[in-house]
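Number of protein chains: 2
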Amino acid sequence: MNIINRAASILLLLVFFLAFFQDSVHGRPLLLSMSRPKPDAAALFARWLVSQSSWGVLNTIASDMGGAPFGSLILKYFLLCRNVVSFSDGLPDKGRGIPYFYLTTLDPTARNALKDQRSSFTISEYAIGTCGKKDPENPSCAKITLVGMLKVVTGDPKETSFAQTALFTKHPEMEGWPKSHDFQIYKLEIEEIFMINWFGGPKPLTVDQYLQAKMDSHTVIA
Amino acid sequence: MNIINRAASILLLLVFFLAFFQDSVHGRPLLLSMSRPKPDAAALFARWLVSQSSWGVLNTIASDMGGAPFGSLILKYFLLCRNVVSFSDGLPDKGRGIPYFYLTTLDPTARNALKDQRSSFTISEYAIGTCGKKDPENPSCAKITLVGMLKVVTGDPKETSFAQTALFTKHPEMEGWPKSHDFQIYKLEIEEIFMINWFGGPKPLTVDQYLQAKMDSHTVIA
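Just so you know, the sequences run in chain order A and B.
For the first sequence, the residue numbers in the UniProt record's numbering are 1 to 222.
For the second sequence, the residue numbers in the UniProt record's numbering are 1 to 222.
Pulled out of the complex, with its shape left as it was, chain A reads as follows (with noise of 0.2 Å):
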């Protein structure tokens, strides 16, 4: 008996330790400790969905497209304005809404910033599993773009350090990244939201709402 139950207790902390440790693949860090909001409440989901995200699709507009027209130059633009880069909007439950990247001026996406600061930038919750077996178009499977403008962060010392901590504790590989390469932390400064995270459109939601959602009244389980 002393055995069988020797293999009931090994067999109990492999599945705790597998069970652990797939939340953790794909190198995720383990930051879903709050619970996902219901789609009504829009202004907290969407501040759900940003805090437990960490990358997305930002685009900026070409530099060399400068005020131009729409024409042939469009291929171009569509070539060099659109990047998968890594975010955060502060430490894990404590988001305060707006993203801060980390980005160098090697990319085109730090160099059109610095001419044109029009930017948007879209995150899809698939990406952070909690869509179960929904496909990543449905629209109960949330996707929300952040329209506004993108900005070095300088001058203030404190929001500095705020989005360095942000940025580098939900993105560790990042302080190690070479100094040569002119890394600089950027934020994009919100002025329109369009989330989808139930059917019927898009959820009407402000700036404002979204900015002045409480997050610390809303159930963390973990």
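Be a bit skeptical, because a hint or two may be false.
No farther apart than 27 Å at their CA atoms in a straight line, the calculated lysine-lysine pairs in the DSS-like style are these [said to hold, decoys possible]:
#	chain 1	residue 1	chain 2	residue 2
1	B	Lys133	A	Lys134
2	A	Lys203	B	Lys179
3	A	Lys187	A	Lys203
4	B	Lys214	A	Lys134
5	B	Lys134	A	Lys179
6	B	Lys134	B	Lys203
7	A	Lys203	A	Lys133
8	B	Lys187	B	Lys203
9	A	Lys133	B	Lys134
10	A	Lys133	B	Lys115
11	A	Lys214	A	Lys203
12	A	Lys94	A	Lys214
13	B	Lys133	A	Lys187
14	B	Lys187	A	Lys133
15	A	Lys38	A	Lys94
16	B	Lys94	A	Lys133
17	B	Lys115	A	Lys203
18	B	Lys158	B	Lys94
19	B	Lys214	B	Lys38
Just the calculated beta-carbon pair ranges, DEER-fashion [unchecked claim]:
#	chain 1	residue 1	chain 2	residue 2	range
20	B	Pro178	A	Phe168	44 to 54 Å
21	A	Lys158	B	Gly132	29 to 39 Å
22	B	Gly132	A	Ser180	24 to 34 Å
23	A	Glu192	B	Leu106	12 to 22 Å
24	A	Thr165	B	Pro157	55 to 65 Å
25	B	Lys214	A	Gly200	42 to 52 Å
The set of hints was computed from the structure by calculation and includes no laboratory data.
Where a beta carbon is used, it is the ideal one built from N, C-alpha and C, also for glycine.
Using the hints provided, position chain B relative to the given structure of chain A.
Same frame as chain A, now just chain B:
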């Protein structure tokens, strides 16, 4: 000893079961049967990345921007033109490199494409879980943007059939999407490819090289 052997068998079974289950977390189909090509094999790598992926960010041009110069409408443009969508380029390991989509005109993406086909589609390797512990922004965690024309698939019954099987196999949910929503199959006719899968900037890669890459010659490990 018999009891210990039995316990060991149960343990082994459990390990295999959980290792298998781990691959299918997040409702992602089990498609990772082909090994990751070396980053230098640009065409093969791009085809592999597209064939293993199931979703990305699709960008179109908002119809109300039609030919107008850049200006204050840019925010509306950004707001309407990007969307998280599902896609497929073929059955697992039999992709042809051309992304097919299943879109409804209830959504601006399809409406835009019907008026202006210029489009681009961005995919991140991070989403398929083969970047290990690398950060999503790390250049060796690949990202690809395909630029071209987004067209409704009509006329050729063989292509329609190929595309429908490609989509419905990778995204079983699609088959049940409401008939009344006017879903149609679209494809991206690729004109330019922009892929980063290593340090030192985008890989030179022509559309011909991409489309003609022979996937058959590549090692299949499962």
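Under the criterion that the straight-line Cα-Cα distance not exceed 27 Å, is the pair A/Lys133, B/Lys115 satisfied? violated, 33 Å
Keeping to a limit of 27 Å between CA atoms, is the pair of A/Lys187 and A/Lys203 held or broken? OK: A/Lys187 and A/Lys203 at ~24 Å, within 27 Å.
For the pair supplied as a hint, A/Lys38 and A/Lys94, confirm whether the alpha-carbon distance does not exceed 27 Å. Holds, because 19 Å separates the two Cα atoms, which is no more than 27 Å.
Given pair status - B/Lys203, B/Lys187, alpha carbons within 27 Å: holds, 24 Å
Sort out whether B/Lys38 lies within 27 Å of B/Lys214, counting only the CA atoms. Judged against 27 Å, a Cα distance of about 14 Å means the pair holds.
Hinted pair A/Lys214 and A/Lys203, Cα distance within 27 Å: Distance of about 18 Å is within 27 Å: holds.
Just tell me: holds or violated, for the beta carbon distance of B/Gly132 and A/Ser180 against 24 to 34 Å? holds, 25 Å
Does B/Lys203 sit within 27 Å of B/Lys134, going by the straight-line distance between their CA atoms? holds, 19 Å
For the pair supplied as a hint, B/Lys94 and A/Lys133, confirm whether the alpha-carbon distance does not exceed 27 Å. With Cα atoms ~24 Å apart, B/Lys94 and A/Lys133 stay inside 27 Å; holds.
Mind checking the alpha carbons of B/Lys134 and A/Lys179 for me, to see if they're no more than 27 Å apart? holds, 18 Å
27 Å limit on alpha-carbon distance, applied to hinted pair A/Lys203 and A/Lys133: holds, 23 Å
Is B/Lys158 within 27 Å of B/Lys94, Cα to Cα? Given pair B/Lys158, B/Lys94 holds - Cα atoms ~15 Å apart, limit 27 Å.
Hints 4 and 10, counting from the list given before, are not met by this structure.
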